[in-house]
Amino acid sequence: AQSVTQPDIHITVSEGASLELRCNYSYGATPYLFWYVQSPGQGLQLLLKYFSGDTLVQGIKGFEAEFKRSQSSFNLRKPSVHWSDAAEYFCAVGGSKETSGSRLTFGEGTQLTVNP
Amino acid sequence: GAVVSQHPSRVICKSGTSVKIECRSLDFQATTMFWYRQFPKQSLMLMATSNEGSKATYEQGVEKDKFLINHASLTLSTLTVTSAHPEDSSFYICSARQGGKRETQYFGPGTRLLVL
Numbered sequence: 206a207q208s209v210t211q212p213d214i215h216i217t218v219s220e221g222a223s224l225e226l227r228c229n230y231s232y233g234a235t236p237y238l239f240w241y242v243q244s245p246g247q248g249l250q251l252l253l254k255y256f257s258g259d260t261l262v263q264g265i266k267g268f269e270a271e272f273k274r275s276q277s278s279f280n281l282r283k284p285s286v287h288w289s290d291a292a293e294y295f296c297a298v299g300g301s302k303e304t305s306g307s308r309l310t311f312g313e314g315t316q317l318t319v320n321p
Numbered sequence: 046g047a048v049v050s051q052h053p054s055r056v057i058c059k060s061g062t063s064v065k066i067e068c069r070s071l072d073f074q075a076t077t078m079f080w081y082r083q084f085p086k087q088s089l090m091l092m093a094t095s096n097e098g099s100k101a102t103y104e105q106g107v108e109k110d111k112f113l114i115n116h117a118s119l120t121l122s123t124l125t126v127t128s129a130h131p132e133d134s135s136f137y138i139c140s141a142r143q144g145g146k147r148e149t150q151y152f153g154p155g156t157r158l159l160v161l
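Those protein sequences? They're chains X and E, same order as listed.
All letters in the first sequence, in the order written, are residues 206 to 321 by the working numbering.
All letters in the second sequence, in the order written, are residues 46 to 161 by the working numbering.
In isolation and in its complexed conformation, chain E is listed as follows (with noise of 0.2 Å):
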């Protein structure tokens, strides 16, 4: 139980395109998901939380007109990257709250995004 998919697993794209990433939360409903950025050999950092039905929440630093989150069931969130620049090729992972007493993050598969 509680897998989380992400598609697609990997996007190349041109400089100036907007690329969407979908999260989805395949066997329970996840009121509360998040947004990942991994570099090489680092650690993960959270972009933005995203709840349903509301407006997601931005860590600082992160531009919110660049990084579009739309949360709009309990199985599905999507990320896109609006007019992507080379520098936003990275690794992008989501995870999904299993909430309930005993919360814990379930994450995807990563999408590698390379932007030319």
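Chain X with its partners taken away, still in its complex shape (with noise of 0.2 Å):
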């Protein structure tokens, strides 16, 4: 089965600070992996994704991840946060339509806190 895990629930940093949210992962085959933004009361905003090949991806907003097979991560960072960067971050992890069904599985979030 697969699974997500963001291992820090809750992260402050302060504004030009640099930002890594941790995900790790655990699939059976090759996976997909996703970095997700949601604000207060908002859907989700796709922020990258990773497939194959190079595995330091680059998103929108400034926003990177790195794919680690070895460490089975997928952290996701930024060198300059902010303030409009505070929102929930969910990473997730799935696969093609047949070796999935195309399921996604989430993380259970990062909240991030930006001070100014």
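Calculated directly from the structure, the hints in this document are not laboratory data.
Backbone N, C-alpha and C define an ideal beta-carbon position, used for all residues, glycine too.
Just so you know, not all the hints are guaranteed correct.
Unchecked claim - A few chain X residues facing chain E, derived, Cβ under 7 Å:
| no. | residue |
| --- | --- |
| 1 | PRO245 |
| 2 | GLN247 |
| 3 | SER307 |
| 4 | LEU309 |
| 5 | PHE311 |
| 6 | GLU313 |
Using the hints, put the two chains back together into the complex; each one sits in its own frame.
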């Protein structure tokens, strides 16, 4: 069974500081990995995704994530956080329609607070 | 591209009534749509997978007669909460799968349901 762990429930950083959100996954085959962001009362917006190839993927809003197969991790990073980045961040793992029916399994989320 | 809409965004109803929520993919065809439920400060819980032209597949513990799903076209899926009760109050989010070789789910903005 596939699973996702986000070890940090809540992270607080100062505006302009760097950010790293952790994500560990368990999946029997080559995973598809995603990071989504959710603002209060809103749906989820896709930040970036990894399917194959270059293990460092670039996303929107200046975010990037690195796939490390040996560590089963897909951590999200941003070099300089903006106040507007305060939100809930979800890591998700899935596969192709053939391997997982396109189902996504989400982590519990990490709440990011940005101090001025 | 890959925009998903939901309607209504917020609904308040009396206990015992039924509520219909629409999910539309606006600029792509979605053979598969997913319905999630999210409780406050929690992750997304997959309720069912909706395939165009066939019956929905429900997750364990989700009552199919309670949560009726219809996927009548490649751009529209509806979730009807029948005989709603206060415990059905929640945030319901749909997603649409943009298929092909690189599958990605795009999420709607969510519907806040409050049953009095």
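Open item on the list: Checking hints one by one. Is PRO245 of chain X an interface residue toward chain E, by the C-beta closer than 7 Å rule?
Closed with: Where the cut-off is 7 Å and the nearest Cβ of chain E is about 10 Å from PRO245 of chain X, the hint is violated.
TODO: Double-check PHE311 of chain X for me: the hint is only fine if its C-beta lies closer than 7 Å to a C-beta in chain E.
DONE: With a minimum Cβ separation of about 5 Å from chain E (threshold 7 Å), the hint on PHE311 of chain X holds.
Task: Minimum beta-carbon distance criterion (7 Å), GLN247 of chain X to chain E - done: Holds - the Cβ of GLN247 of chain X comes within 7 Å of chain E, reaching about 6 Å at its closest.
Open item on the list: Take the shortest C-beta to C-beta distance between GLU313 of chain X and chain E; is it under 7 Å?
Closed with: Holds. Min distance 5 Å.
Open item on the list: SER307 of chain X was flagged as interface toward chain E. Is the shortest Cβ-Cβ separation under 7 Å?
Closed with: holds (5 Å)
Open item on the list: LEU309 of chain X was flagged as interface toward chain E. Is the shortest Cβ-Cβ separation under 7 Å?
Closed with: This hint holds: LEU309 of chain X lies near chain E, its Cβ roughly 6 Å from the closest one there, short of 7 Å.
In terms of the numbered hints stated before, the structure departs from hint 1 and from no other.
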